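Chains as they are written, first to last, in my numbering: chain A, 1 to 567; chain B, 1001 to 1257.
Rather than coming from a laboratory, the hints here were simulated on the basis of the structure.
Heads up, simulated DSSO-like pairs for lysine-lysine below, C-alpha to C-alpha not over 30 Å straight-line:
id, chain 1, residue 1, chain 2, residue 2
1, A, Lys234, B, Lys1215
2, B, Lys1077, B, Lys1102
3, A, Lys511, B, Lys1098
4, A, Lys486, A, Lys564
5, B, Lys1068, B, Lys1082
6, A, Lys132, B, Lys1251
7, B, Lys1077, B, Lys1098
8, A, Lys564, B, Lys1251
9, B, Lys1193, B, Lys1164
10, B, Lys1055, B, Lys1095
11, B, Lys1164, B, Lys1201
12, B, Lys1077, B, Lys1193
13, B, Lys1102, B, Lys1055
14, A, Lys135, B, Lys1251
15, B, Lys1139, A, Lys234
16, B, Lys1202, A, Lys511
17, B, Lys1251, A, Lys559
18, A, Lys511, B, Lys1094
19, B, Lys1050, B, Lys1193
20, B, Lys1082, B, Lys1201
21, B, Lys1202, B, Lys1164
22, B, Lys1164, B, Lys1094
23, A, Lys135, B, Lys1250
24, B, Lys1098, B, Lys1139
25, A, Lys511, B, Lys1095
26, A, Lys132, A, Lys564
27, B, Lys1068, B, Lys1102
28, A, Lys559, B, Lys1250
29, A, Lys564, B, Lys1250
30, A, Lys132, B, Lys1250
For the chain B half of the interface with chain A, some residues (derived, Cβ under 7 Å), not all of them:
id, residue
31, Val1038
32, Lys1202
33, Pro1220
34, Leu1230
35, Phe1234
36, Ser1242
Note that the structure is a prediction, hence the values are computed from the model and not measured. A virtual CB, placed ideally from N, CA and C, is assigned to each residue, including glycine.
If you want the building blocks of each chain, they are given just below.
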Amino acid sequence: MLNHERKENMKKFLLTISVLSFPILVHAASLTQLEGSFKVGPAIILIAMLITFVAVGVIHRAKDTTDYYAAGRKISVVSSGMAIASNWMSAASFLGMAGMMYGFGYNGLAYVVGWTGGYVLLMVLMAGQIRKYGKFTAPDFIGDRYYSQGLRGVSAVFTILISFAYCVGQFGGVGLMFKWILGINYFWSVILGGSVVILYTMLSGMIGATKNMVIQYIIIITAFLIPTFLLTYKFDYFWLLPQFGYGTIVSDIVRGIPAPNLADGVALLNAYGHNVAMTASPEFAMPWDPSTGSTAFQWYAICFSLMVGTAGLPHVLQRFYVTPTIRDARLSCVWGLFFISLLYWSAPVYSAFGKILSSSPEVGNLASDAIVVYTAQLGDINPLIVGLLAAGAVSAAFSTISGLLVAGSSAFSHDIYVKIINPKASPKMQLNVARTGLVFMGVIVSGVALMNLGMIAQLVSVAFSMAACTIFPLFLLGIWWSGSNKAGATAGMSVGIAISLFSLTYFIVEKSGGMLPGHEFVSYWLNVWYFAWIGAPLAILTNVLVSLVTKPTPIEIRKFLIEKVHN
Amino acid sequence: MKKDNDEYHFNLFIPTTEHGRRNRNIIITMVLIWFISVFGFQFLLVILQKPTPEKPLLVFESVWDEIKSGNASEAGKQDFIKSLIAVFGKSSVKKENKEILKNAITPVVYSMVGDSDRVVLSGYITTLRETRERLTNAKDEAYIELQATLTGTRRAINEMLDSKIGLIPGSVEATLLPYCLIGENEALSAENKEALPIIMKKYLIHNQSVLTDTKFLGFPFHYFYTAELLLILFVLLCLIYSYRIEALDKKYLANQQ
Chain A
1 MLNHERKENM
11 KKFLLTISVL
21 SFPILVHAAS
31 LTQLEGSFKV
41 GPAIILIAML
51 ITFVAVGVIH
61 RAKDTTDYYA
71 AGRKISVVSS
81 GMAIASNWMS
91 AASFLGMAGM
101 MYGFGYNGLA
111 YVVGWTGGYV
121 LLMVLMAGQI
131 RKYGKFTAPD
141 FIGDRYYSQG
151 LRGVSAVFTI
161 LISFAYCVGQ
171 FGGVGLMFKW
181 ILGINYFWSV
191 ILGGSVVILY
201 TMLSGMIGAT
211 KNMVIQYIII
221 ITAFLIPTFL
231 LTYKFDYFWL
241 LPQFGYGTIV
251 SDIVRGIPAP
261 NLADGVALLN
271 AYGHNVAMTA
281 SPEFAMPWDP
291 STGSTAFQWY
301 AICFSLMVGT
311 AGLPHVLQRF
321 YVTPTIRDAR
331 LSCVWGLFFI
341 SLLYWSAPVY
351 SAFGKILSSS
361 PEVGNLASDA
371 IVVYTAQLGD
381 INPLIVGLLA
391 AGAVSAAFST
401 ISGLLVAGSS
411 AFSHDIYVKI
421 INPKASPKMQ
431 LNVARTGLVF
441 MGVIVSGVAL
451 MNLGMIAQLV
461 SVAFSMAACT
471 IFPLFLLGIW
481 WSGSNKAGAT
491 AGMSVGIAIS
501 LFSLTYFIVE
511 KSGGMLPGHE
521 FVSYWLNVWY
531 FAWIGAPLAI
541 LTNVLVSLVT
551 KPTPIEIRKF
561 LIEKVHN
Chain B
1001 MKKDNDEYHF
1011 NLFIPTTEHG
1021 RRNRNIIITM
1031 VLIWFISVFG
1041 FQFLLVILQK
1051 PTPEKPLLVF
1061 ESVWDEIKSG
1071 NASEAGKQDF
1081 IKSLIAVFGK
1091 SSVKKENKEI
1101 LKNAITPVVY
1111 SMVGDSDRVV
1121 LSGYITTLRE
1131 TRERLTNAKD
1141 EAYIELQATL
1151 TGTRRAINEM
1161 LDSKIGLIPG
1171 SVEATLLPYC
1181 LIGENEALSA
1191 ENKEALPIIM
1201 KKYLIHNQSV
1211 LTDTKFLGFP
1221 FHYFYTAELL
1231 LILFVLLCLI
1241 YSYRIEALDK
1251 KYLANQQ
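Model the full assembly from the supplied sequences, consistent with the hints where possible.
Right, here's the structure in full:
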């Protein structure tokens, strides 16, 4: 009864906020500018969106730990798919991908294919078996399967590092959007955005809000899709299905768009029904175009690293532990991929329109990572909808960051502090350790994001390569070959870590203005964005070879694999 | 799968039961389709690709020697400028490359106008540059005023140069021309003379083939395949796998809970 009243009050509160804010939003619509000014409408939409997420989370909050862990077991496979998609959609998907295609043309598609194709691997090789194994976190699985506290600790450390690397790109995205909404410089945007997201995560945690990923997904995808329909409608392309209708735009970019004809010095509509023009730019669509400085090898390497990394990311794997049945685990994956693909089919629409609408020299240089929002603005879409788009980007980043910060700090408090350092820690102490870890991690990530080390999608791809070299081989062999043992896993993981650290060292030294021997070679063949193309296979090979010549896996583990995981 | 008295071994590639064999076959088939559809197609693109120049590159190469030696005709100069503008207009051109292009276009343009016009033109270009710089931080009415100045200056440059360079008023090339010029009329340095043909090739040669030239639903086919079809295929592969493996598990009474 009390619960029902609370829900009713919350609904009234949400309704009041939306009614009161509407006139302000309408007024704010006329105030939006491309850059450098405070945008009232988008700011209000953003705040309203974040309050909605927290409020909905409070309404649906978990009553106890069992409810929290089993929450996913009560929802349908479609909802579970939306939760997978919401968990996946971050600033990298929302902003970064269109940015990559805008900046690197066809080579940017390696990110689209990599981040979706990885789900096939996840589906075929992991989803059902992870569910059958019955552990709740990646370090738990690794520690149990390889009967090693050491490996559990190392994988927990890497779970934190992967979350950290993943977060850096997200903070960059938050910084860009705060810069756009508030009209302040990037430094203060990252500081402010970082502070807000830490506060948001802690507040959600303190009042017990569960992430309602289904609602988050619906809001985020709606914010992303609406402008694509409006842009294609406005510029006379096939608007009923912009995800396919933008094909003509790509061909127009390749061919070039002639300027409007002049009649008495006044520009008329050109052949495309609107007043835009650009020179032929085949480099936008042609594969590994020399002008982008990218090669076919890099396309393969990025794509492969992202695919394998997807199937090794701890927070993605975690989604399959909580499905009701094995069948549901698989179907959730199918729906999840479909819902993710909705966004990935649509992202190129922004990059293509962005290419055309920013082609005028008067537009000047635009930050590729913010091209989604700039495109909507340059296309003269209603400022409120542009604001909704920007708020959607921040929400996507916030949702991912809060999940990653919680995962990272939990890995520290649960898998390292409690399981290894202080097994007798009280629940209060565990909570304090987790909160301190969360703030500490958030502050460090903000600091790294300020260095502006690369584009959002590139920064996030570091996390994928690390996951592909360290976590993926242990899951793959751990599930499909009982011969993989503790020694093999340790050796394989060591190789994966060594390659990761080697590539990261070169990257950090380069960004610090230094140059190590063989710099050219390493930055091409073992680049920090895609070193997993060689790192993952080497880690797997090492694991296999060492396992073959060392003490076999204990009988109880092999028995468990056969009887429980593979029936 | 082998289950002796005290030995339990599992290896995906060496199944010992019919269930295991069929499971292995489904997994290998799915992974192979996935791998070939992603990387096989991209590999095919590499095999079939042919470096194909855009028309402006051919034009540039036909007049470059004359421009270098200073013996170019008016028509040759016009072609040269147009070919460089075709590169300048690409949004992917790097800033340093744009500077070289400006440095190459400006002296040729100046050589096509009279002495008195050169001073006026130089003034316009300076105004255009300064206005653009001020626009970055301008707001509200000041922004609108500066935009008007920018448009006016651009039109003045176009009125002076379009007919001399053979540009159609209002065309993309004419719109870009004012932004291709710099105030200082310095001859192209030896270093830039060396760099220019490399820049032109870099931006005007593309990897094309029958797969990139064929259109499908308005897309270049290879783009459609990678950005659209592959994603559909991934969803279908997951769906088919899900139902196949479920049917297999049911048949062999595997534990579904």
